Amino acid sequence: MKRIEIDPITRLEGHGKITIFLNEQGEVDNAYLQIPELRGFEKFVEGLPVEEIPRVVPRICGV
Amino acid sequence: MKLKFGIYWGAACGGCDVAILDTHEKILEIADMADIFLWPLAMDFKYKKIRALEDNYLDASFFSGAIRNSENEEIARLLRRKSKVMVALGACAHIGGIPGLANMYTREDVLNRVYRESESTINEEGIIPREAWSEGEYELELPRFYNTVKTLDQIINVEYYIPGCPPVPLQIYSALTLVRDGMLPPKGSVIGAGDRALCEQCPRVKEEKKLTGIKRVHEVIPDPEKCLLEQGLICLGPVTRSGCGSRCIKSGVPCRGCYGPVDDVKDQGFAMLSALASSLDAKEQKDIDAIIDTIEDPLRTLHRFSLAASMLRRKKV
Amino acid sequence: MTFEPTIVGFLCNWCSYTGADLAGTSRVKYAANVRSIRVMCSGRVEPTFVIKALYEGADGVLIAGCHPGDCHYQEGNYKALRRYRLLRRVLPEYGIEPERVRLEWVAASEGERFAKVVDDFTDQIRRLGPLDIKESIAQSLIDDVVNHEEEATKDIGDVNEA
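Protein chains in written order, with numbering that gives the first Met the number 0: chain A, 0 to 62; chain B, 0 to 316; chain C, 0 to 161.
No wet-lab data here; the hints were simulated from the structure. Bear in mind that the values here come from a model prediction, so they are computed numbers and not experimental data. Every residue, glycine too, gets a C-beta built ideally from N, C-alpha and C. Honestly, I wouldn't trust all of these hints.
Covered by chain C, per the in silico footprint, the following chain B stretches (three or more residues, Cβ under 8 Å) [stated by the list, open to error]:
1) 237-246
2) 271-277
3) 284-293
4) 303-314
Here are the computed lysine-lysine pairs in the DSBU-like style, where the Cα-Cα straight-line distance is at most 35 Å [what the hints assert, rightly or not]:
5) LYS45(B) - LYS3(B)
6) LYS282(B) - LYS51(C)
7) LYS51(C) - LYS315(B)
8) LYS28(C) - LYS133(C)
9) LYS186(B) - LYS133(C)
10) LYS282(B) - LYS265(B)
11) LYS51(C) - LYS265(B)
12) LYS282(B) - LYS115(C)
13) LYS45(B) - LYS16(A)
14) LYS51(C) - LYS42(A)
15) LYS265(B) - LYS133(C)
16) LYS51(C) - LYS314(B)
17) LYS16(A) - LYS314(B)
18) LYS45(B) - LYS25(B)
19) LYS209(B) - LYS315(B)
20) LYS314(B) - LYS133(C)
21) LYS133(C) - LYS83(B)
22) LYS51(C) - LYS208(B)
23) LYS214(B) - LYS51(C)
24) LYS115(C) - LYS315(B)
25) LYS45(B) - LYS42(A)
26) LYS115(C) - LYS285(B)
27) LYS265(B) - LYS225(B)
28) LYS48(B) - LYS1(A)
29) LYS51(C) - LYS83(B)
30) LYS315(B) - LYS133(C)
31) LYS51(C) - LYS285(B)
32) LYS214(B) - LYS225(B)
33) LYS16(A) - LYS47(B)
34) LYS51(C) - LYS186(B)
35) LYS16(A) - LYS48(B)
36) LYS214(B) - LYS42(A)
37) LYS83(B) - LYS16(A)
38) LYS42(A) - LYS133(C)
39) LYS1(A) - LYS45(B)
40) LYS265(B) - LYS42(A)
Please construct the entire structure, taking both the sequences and the accompanying hints into account.
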């Protein structure tokens, strides 16, 4: 099975890769999008004083 | 002859890349200065292009974002091979940044919270992403999610640092002109920022630091002319490098240290602990303890941006 | 083999170091676990010193200074007390037991007291066990690996760029 990898995906914020699997006829058999990134904001903001949240979470995306 | 640059991100938000674009019309000068071989935010080059280059082909690579997983490390090492100079761009690459706060937790803590416990997630089978997956003929990989967030210089040699969250756009531009004109300071220097602590450039009036209590935002309306620390708001100005133009302080909020420490200070957070303790107006243990009780969340205030670069690097587990 | 604590002691020149010296010249028998560092004043001890000592292998840190009111530099010992209290408050957030850092007032004449403080503190650290920060950091990094030699040069092979 042939595969095409688009890595990294570009011109957006964040990491991503696309893998496309082709059958013998060269037709698309399946395609997958993966996000190879995680920072864990959901965890490390636990317990932050509420007034500090607006100073931390904008760093999720700077675009 | 045009220089050759690479621009890349690890565990990042894109803010440093946008800061480069925020140089507005100066981006044309930057485009004149260099050909860019990798810049996922703005240009469509793939890793394959970089792998095909000779070693040391690129004049400089600018790496923003912290090292959170094996892909971040892999590409950092790849760019290190292919570049004469590596520049850590922004607070995350310099001192760990906000993603560094995850060093209070372990890899399992983070994965469980994100994929299993968070309130808006439906994941009945409790599936967590794996490094290798296959189904029939389909095989996929993901990078390894590290237990500990690292700064760029904890995994490779870094020649220069441009600090800030984000760095001031014109400071990035002036750092690039140093590269263009061959006027770089000694290796290991911080560029695009000042030498002294922020207090020196802060426009507020500073008198005597005698804190009787730390206030939260709803407990005080700060005088816009006076030092915030003196009014009971913890401000990391005394331990933070200048260069940002006091943008937070001018907006009425205390500094959180995103430009990192001044030279020769190894641990920004514990330096602030020292400064804070020295400023308390109390002599008896019970009075001291009463003031300390008013401090909310000390770790994430002292080490907001610098936990990954701190002497302890993470919470001990 | 029972664990023998390594304790770093920051002793102020005028009072506590002299007191420790007196314990020695008086031939008092006490635990040998403290490595003494003479500072001019307990107020010289920054939190960074304490953290560095713990990081480099100390299981406990003792800070000793003049009794309140007796500081050779007037108020240095009060500064030490403020830094000490804040450090104790903050250490648990980093996963370190606050009892591993202790501040004591020891006068120049208090040789016996110094010996007792050291015996007491050594015993407490012995019960807490070794700290081993460096080992713990190394352990937390142990699975954070990428085979970089292979990865940096890998040819993706039968892959097309889109």
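Cross-check of the supplied hints:
1. 237-246: violated (count 0)
2. 271-277: Satisfied; 5 residues make the cut.
3. 284-293: Holds: 4 residues of the stretch 284-293 of chain B have a Cβ under 8 Å from chain C.
4. 303-314: Contact hint for the stretch 303-314 of chain B vs chain C: holds, 5 residues under 8 Å.
5. LYS45(B) - LYS3(B): holds (16 Å)
6. LYS282(B) - LYS51(C): Roughly 26 Å separates the two Cα atoms, so the pair holds.
7. LYS51(C) - LYS315(B): holds (15 Å)
8. LYS28(C) - LYS133(C): The hint holds at about 32 Å.
9. LYS186(B) - LYS133(C): The hint holds at about 28 Å.
10. LYS282(B) - LYS265(B): Judged against 35 Å, a Cα distance of about 29 Å means the pair holds.
11. LYS51(C) - LYS265(B): holds (10 Å)
12. LYS282(B) - LYS115(C): holds (26 Å)
13. LYS45(B) - LYS16(A): Distance of about 10 Å is within 35 Å: holds.
14. LYS51(C) - LYS42(A): holds (28 Å)
15. LYS265(B) - LYS133(C): holds (17 Å)
16. LYS51(C) - LYS314(B): Judged against 35 Å, a Cα distance of about 15 Å means the pair holds.
17. LYS16(A) - LYS314(B): Between LYS16(A) and LYS314(B) the Cα gap is close to 32 Å, so the pair holds against 35 Å.
18. LYS45(B) - LYS25(B): Distance of about 26 Å is within 35 Å: holds.
19. LYS209(B) - LYS315(B): Holds, at roughly 33 Å.
20. LYS314(B) - LYS133(C): holds (12 Å)
21. LYS133(C) - LYS83(B): Within the cut-off at roughly 32 Å; holds.
22. LYS51(C) - LYS208(B): holds (27 Å)
23. LYS214(B) - LYS51(C): holds (30 Å)
24. LYS115(C) - LYS315(B): holds (31 Å)
25. LYS45(B) - LYS42(A): holds (32 Å)
26. LYS115(C) - LYS285(B): holds (25 Å)
27. LYS265(B) - LYS225(B): holds (29 Å)
28. LYS48(B) - LYS1(A): holds (21 Å)
29. LYS51(C) - LYS83(B): Status holds; Cα separation ~34 Å.
30. LYS315(B) - LYS133(C): holds (10 Å)
31. LYS51(C) - LYS285(B): holds (27 Å)
32. LYS214(B) - LYS225(B): OK: LYS214(B) and LYS225(B) at ~15 Å, within 35 Å.
33. LYS16(A) - LYS47(B): holds (13 Å)
34. LYS51(C) - LYS186(B): With a Cα-Cα distance of about 26 Å, the restraint between LYS51(C) and LYS186(B) holds, given a limit of 35 Å.
35. LYS16(A) - LYS48(B): Since the Cα atoms of LYS16(A) and LYS48(B) sit roughly 16 Å apart, the hinted pair holds (cutoff 35 Å).
36. LYS214(B) - LYS42(A): With Cα atoms ~26 Å apart, LYS214(B) and LYS42(A) stay inside 35 Å; holds.
37. LYS83(B) - LYS16(A): holds (28 Å)
38. LYS42(A) - LYS133(C): holds (25 Å)
39. LYS1(A) - LYS45(B): Holds: LYS1(A) and LYS45(B) sit about 19 Å apart, inside 35 Å.
40. LYS265(B) - LYS42(A): holds (27 Å)
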